[in-house]
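Participant: Model the full structure from these sequences, guided by the hints.
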Amino acid sequence: MSLFGFGRPQPTSAEKIAAVENELRVVAEMHSRMIKLCTLKCVDKTYREGELSKGESVCLDRCAAKFFEAHQTISEQLQREGAARGFGA
Amino acid sequence: MSLFGFGRPQPTSAEKIAAVENELRVVAEMHSRMIKLCTLKCVDKTYREGELSKGESVCLDRCAAKFFEAHQTISEQLQREGAARGFGA
Amino acid sequence: MSLFGFGRPQPTSAEKIAAVENELRVVAEMHSRMIKLCTLKCVDKTYREGELSKGESVCLDRCAAKFFEAHQTISEQLQREGAARGFGA
Amino acid sequence: MEGLTAAESRELEQRLQKRQVKEFMTVFGNLVDNCFAACVDDFTSRALSGRETGCLSRCVTKSMATQTRLGERFAELNAAMTAEMQKR
Amino acid sequence: MEGLTAAESRELEQRLQKRQVKEFMTVFGNLVDNCFAACVDDFTSRALSGRETGCLSRCVTKSMATQTRLGERFAELNAAMTAEMQKR
Amino acid sequence: MEGLTAAESRELEQRLQKRQVKEFMTVFGNLVDNCFAACVDDFTSRALSGRETGCLSRCVTKSMATQTRLGERFAELNAAMTAEMQKR
Chain A
1 MSLFGFGRPQ PTSAEKIAAV ENELRVVAEM HSRMIKLCTL KCVDKTYREG ELSKGESVCL
61 DRCAAKFFEA HQTISEQLQR EGAARGFGA
Chain B
1 MSLFGFGRPQ PTSAEKIAAV ENELRVVAEM HSRMIKLCTL KCVDKTYREG ELSKGESVCL
61 DRCAAKFFEA HQTISEQLQR EGAARGFGA
Chain C
1 MSLFGFGRPQ PTSAEKIAAV ENELRVVAEM HSRMIKLCTL KCVDKTYREG ELSKGESVCL
61 DRCAAKFFEA HQTISEQLQR EGAARGFGA
Chain D
1 MEGLTAAESR ELEQRLQKRQ VKEFMTVFGN LVDNCFAACV DDFTSRALSG RETGCLSRCV
61 TKSMATQTRL GERFAELNAA MTAEMQKR
Chain E
1 MEGLTAAESR ELEQRLQKRQ VKEFMTVFGN LVDNCFAACV DDFTSRALSG RETGCLSRCV
61 TKSMATQTRL GERFAELNAA MTAEMQKR
Chain F
1 MEGLTAAESR ELEQRLQKRQ VKEFMTVFGN LVDNCFAACV DDFTSRALSG RETGCLSRCV
61 TKSMATQTRL GERFAELNAA MTAEMQKR
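Protein chains in written order, with the UniProt record's numbering: chain A, 1 to 89; chain B, 1 to 89; chain C, 1 to 89; chain D, 1 to 88; chain E, 1 to 88; chain F, 1 to 88.
Keep in mind that the hints were calculated from the coordinates and are not lab data. Predicted, not measured: the structure shown is a model, and the values here were computed from it. Fair warning: there could be bad hints in the mix.
[Unchecked claim] Residues of chain A placed beyond 10 Å of chain F at every Cβ, according to the derived structure: (1) PRO11; (2) SER13; (3) LYS16; (4) VAL20; (5) LEU24; (6) GLU29; (7) ASP44; (8) THR46; (9) GLU49; (10) SER53; (11) LYS54; (12) LYS66.
[To be verified] Which stretches of chain E does chain B cover? Using the computed rule of at least three CB atoms under 8 Å from a CB of chain B, they are: (13) 5–11; (14) 29–37; (15) 77–86.
Positions of the beta carbon are idealized from the N, C-alpha and C atoms, including for glycine.
Facilitator: Put into structure tokens, the structure is as follows:
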């Protein structure tokens with residue numbers, strides 16, 4: 001695209017929309033991933049109670065913070081090492 | 001859509017098609033979800049036999065009925081409570 | 001399509017593109033499925049080491065070969081029996 | 001499909017075909033996952049053993065029987081639910 | 001949504017609505033999976049038992065509370081991360 | 001890509017790019033799931049511990065090595081299978 005794109009300096013409508021859509025998809029996937037992982041880590045699966053206990057609530061808050069940190073750490077490492085090793089090829 | 005839709009009283013082709021498609025997707029997802037869950041609950045994973053045993057068959061029939069009941073119960077509860085709590089926001 | 005297609009002997013652009021796209025999707029899904037299954041079978045989940053051990057590497061190679069064989073075996077059986085039983089209906 | 005023009009019906013039919021292909025692939029993929037995970041466990045050789053091949057074959061047969069049976073139940077229960085909803 | 005024309009914004013909005021429907025279905029589907037897997041275990045009858053119904057109901061309530069709580073945390077953490085990135 | 005016009009090839013290429021983005025996201029998402037599930041277990045604090053950070057880093061390195069290795073095997077086996085099919 002950058003090689004052959006000299007004839008059209010402006011991104012097309014479809015490209016602009018795809019870019020915004022993509023960014024929102026990344027955020028949405030991250031959100032649902034966090035729900036899945038932190039539910040697994042923190043919520044008691046016997047469902048004897050319908051409300052979150054104090055312990056579960058605190059665990060969810062910390063799990064969310066750790067998930068964000070891990071997500072960022074992993075992204076950065078992949079960018080560093082993946083660029084060198086051709087990750088995903 | 002209902003707030004700002006006064007200028008176009010008829011749904012467009014794309015909207016009508018999307019509505020039918022969506023309904024079929026809901027049914028299809030429910031179907032594949034049922035297969036996954038009831039296989040997990042009822043079918044022996046050692047695969048010493050290639051045919052369903054009588055016990056497995058009966059279990060699958062009951063599991064299907066329970067799955068439908070649970071699906072409906074959960075949908076209704078989500079509609080009741082979700083409307084009040086802004087579920088999914 | 002083969003029954004009623006006598007009026008248009010050439011596939012349309014959309015059909016040709018869909019066919020190529022579909023084939024590539026099948027291969028891509030097979031690839032990601034293999035990664036998931038063979039990681040599960042072969043890679044130690046404690047992550048005390050960051051490099052693959054000799055044993056893990058050999059296991060991955062064999063798992064990949066077995067996965068391909070299994071994939072083909074299963075496809076063939078489904079074609080044989082599925083045609084007879086109307087699988088997927 | 002009431003309320004759709006001929007062109008809309010054609011468009012819808014194409015989408016449904018696409019969806020069916022996708023669904024078949026999902027079901028097939030889940031079957032491969034399940035049967036491989038359940039049956040293949042020996043990584044001392046590159047080729048499937050007789051035991052593994054037999055297990056895979058029984059797993060495929062049983063999975064197809066499961067799907068046929070659950071498909072019948074699904075159709076019955078879905079019809080009953082639809083009838084129930086129209087009575088209300 | 002800076003840099004989009006009115007027509008592009010409309011198109012984008014339609015896609016986002018489609019995405020939201022899809023996401024809601026994913027979340028709902030996962031909830032059904034989780035709660036059914038955790039609560040339904042007795043296949044000696046076709047109807048849900050009182051114990052199973054109660055478990056499902058508590059599971060739904062708790063899952064909604066979990067999602068609300070994690071949604072709040074996600075919004076906070078995402079805002080903080082975005083602010084952090086703009087400082088650089 | 002025989003049998004496609006220039007316009008069709010362009011359209012196809014755009015779709016393939018979209019597909020690659022999607023696939024990368026799937027692979028990345030699975031990696032996050034696996035590594036977080038395997039490494040993060042201590043919820044007495046909000047910040048990752050040194051042990052967790054180290055585990056995550058090794059998990060990412062090992063997952064990349066796994067993907068590289070399986071990618072090579074996949075390419076070989078796929079080429080062999082394609083050659084086999086064309087012989088028939």
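Participant: Evaluate each hint against the coordinates.
Facilitator: Verification of the hints:
no.	hint	result
1	PRO11	13 Å, holds
2	SER13	14 Å, holds
3	LYS16	14 Å, holds
4	VAL20	14 Å, holds
5	LEU24	13 Å, holds
6	GLU29	6 Å, violated
7	ASP44	13 Å, holds
8	THR46	19 Å, holds
9	GLU49	18 Å, holds
10	SER53	13 Å, holds
11	LYS54	13 Å, holds
12	LYS66	5 Å, violated
13	5–11	violated (count 0)
14	29–37	holds (count 7)
15	77–86	violated (count 0)
Hint violations for this structure: numbers 6, 12, 13 and 15, all remaining hints satisfied.
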